[in-house]
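Chemist: Place chain B on chain A using the hints.
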Amino acid sequence: MIRDLLCMTAPVRERFDIPCHEIGPKTLHLGAAFVAGLHGDEINGIFILSRLADFLNCVEAGKYPELRLLRRVLIIPAVNVLGVNLRTRTWPFDKSDLNRMFPGSTTGETTQRIAYALLEATKRADYRIDIHTASADFEEIPQVRLHGPSDAERKTALFGLPAVMERSLSPVFSTTLLASWRVWPGQSFVLRVGQAGLVQLDHCQRVFRSLVAFLGRVGILEGVDIAAEDEEVCCFNKASAFRVYAEKAGTFVSDRQVGRWVGSGQELGYIYDSFSGNVIEKVISPVAGLLTGVRRHPLLFEGDLILRVNKKG
Amino acid sequence: MSETASMKIETFFTIEMPYRERMEIRRAVFTGGDGPRASVVAGIHGDELEGLYVCHLLAAWLERLQRTSPGGLLGSVELYPATNTLGLDTLTRGIPVFDTDLNRSFPGSIDGPLPERLAAALMTALSGSALVVDIHASNIYLREIPQVRINQEFDDLLVPLARHMNLDLIWLHGAATVLETTVAHSLNSCGTPCLVAEMGVGMRITPEYCSQLMAGILNVWRNIGILADDVEIPEICHTPMIADDSNVHYLNAQTSGLFVPAKSHWTNVRRGEILGTIVSPFRGETLSEVRSPVDGVLFTLREYPLVYEGSLMARVMSRKGGMS
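Chains as they are written, first to last, in the numbering used here: chain A, 1 to 313; chain B, 1 to 324.
Pair by pair, the computed Cβ-Cβ distance ranges are: (1) 17/A <-> 285/B: 19 to 27 Å; (2) 265/A <-> 34/B: 51 to 59 Å; (3) 243/A <-> 19/B: 22 to 30 Å; (4) 96/A <-> 10/B: 30 to 38 Å.
Covered stretches of chain A (chain B as the covering partner; in silico rule of three or more C-beta atoms under 8 Å from a C-beta of chain B): (5) 4–11; (6) 87–94; (7) 104–114; (8) 242–251; (9) 292–301.
None of these hints come from the bench; they were simulated from the model.
Beta carbons: idealized from backbone N, C-alpha and C, even for Gly.
The shape of chain A in the complex, shown without the other chains:
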C-alpha cells in the first residue's frame, strides 16, 4: 500500500506530499522502518529503498513463494522530495538541513513539520534504519554507522555490510533523526553508502542484499537464505581509523577502490600542482588496513580529507 506520510501546500505550485510504502500484515506494531533521502542528493539510498519496496511488494504478491513477510514494514525512499527533484541536499526553499530538524514540531517551520511527521511514523518500529551517503566529494564503503550504540544494537548491526563503524555521540548529532529515534525502545541504525549524486550499482546491490538478509535475521522476512559472503564483517571503533589529510592543495588523482585491503606505505594516489602539473605529493597509506573512504572530487584545499584506512583488530 502506498500512503502519504504528509501532505502540504506550496506557494505557487500544487500541493506536495511525502509518499511511503506500507507492506506486510496489517498488524498494529511496525516491524521495521526504512528511511532515505533526508538529503536530496543522496541517491544510492533512494534507489536501494525503492528496489526494496518493489521486492517486498513482490513477496506480498506471492512472486517468491519461499518467502513470507511476517511483520509490517514501512519504507520511505525519499523524505526531501523537492530536494531530490531539484538535486539539492537541503530543503530547497530555505536551505535547511532536514536531518538537523528533529524531533520537529507540528506548529514550527516546514522542515520541522516534516521531521515531526517522519518521526511519528517511524519511532515505534522495532528496527529503524536511515540510509545516507557521504558528500558528492567523498566515497564511503557501504557501512553501518553506530553512534554510542547499545549492546543489542552492536549485535544486530551485523547486517552483512563490509564494515561497522562505531563513533561516540557528538553534540552535532543531537538534532538528527537517529538521535530522536534513540529516545524510543527499539534499535536504530544509520547506513552510509558510497557518495552523493550517483547510483553506485555495486554498493546498492550489496546493501540491498544485506537489508533482505537483515529482515531475515530479525524474523520479519521468513525463508531468507543468508549467503556466506554477507557474514564477513569488520567492526571498527574510532581508534582504528587513520585519516590522511592533504598537506598541500592541488589536484588529487587516485584509481583505488573502497573496500580493498591496503598495505602500510602503499601508494594510493597523487597530488598534482593544478597549474604546473608537477607531482607535489604521493599519498600513501599510513597503516595496513581496509580502505574505507576515498576522496573523489579532484580539487583539494589544504587540509581536505583524502582517504581513510581502518586497521583491523
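Modeler: Using the frame of chain A, we list chain B on its own:
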C-alpha cells in the same frame, strides 16, 4: 601590514586553495595600553552584512580616538569583520565548496578540513578576550530588532554585560534550544564571555541599528576597562526588554502563499490585531489572516514574502517589563 603605530591589519588564518590562490582571513588590531582585550566577530554567515558595517563604525571611532585621545584605549581591540571570507565573496551563507555552516563547526580542529581549521583558529584567537561580541543579521527571510541572545546556562555572567549594550531586547534561550557547536557556546563554555548580537536582515545593512550597536559596544568596553572612564562615547538611550520561552509567541504560516504585512516592524500590537495576510498569487483570494495572539511588541517580521506552510512570519513578545 602596519598602518599606524597602534593599529594594524594582519592575517590570522590562511589556507592554500586548489588552483594557485591562498585564502587569507584578516583582522584589525588596535593596541592601546596593557588593559584587557575585546574582540568583535562578524560575517560568520556570508549573507549577513550588518556586522561588517558595525566593524567599520568601530574602526572609524577607534582611529579618531587615537588621533584625539591616544590614552583613551586602555586595552586592545580586535575586529574580525569577515570571518567567512569566501561566503561573503559569493553571497553564500555557509562556506562555499564545503557547504558547511561555520557557526556549526566549533570548537573545530587544527588538522581537519577548512571549516574545522578556521573554527579552531578562531577559538585560539578569541579565547582569553575579556569580551567577544559575535554579530549576526538574522537571514534573508526575517527582520529583527537589535537584540542580544543569551543561553540561560551563562545568564549570570552575560546578562549584566548585555544590559550595557544599548540594544532593545535580551532574549534568554533555554539550554535545550541552544546549539552547542556555535562560536558563542564554545567560547562561553571555556570561560571567554561571548555575547551574540542579532539585528536587521540578511544581505542588507540597517545603518541606524549599526550605530546603535556600535554605541552599545563602546559602552560595554568602557565598563570593563577597555576604554578609559572619561572617554566620550555616543549617547546610550535604549533599555532592553526581556524575552524568554514564556513570552515569545511564534506565528508560523498556516498555508503557503504570499505574505503581505499589515503592520510595521517593531511596533506595539494588540491581541487579535491583523499583522498581515497570506494571499494567493493566482487569484484574488486571501488564504489566511495572521493575527497577534497577545498584546505585545512585533519584534520579528518576515522580509521575504513567499511562505511555505510552516514558514515563520512574525514573533510577538508580550511585555515583561524593562531592565533598569
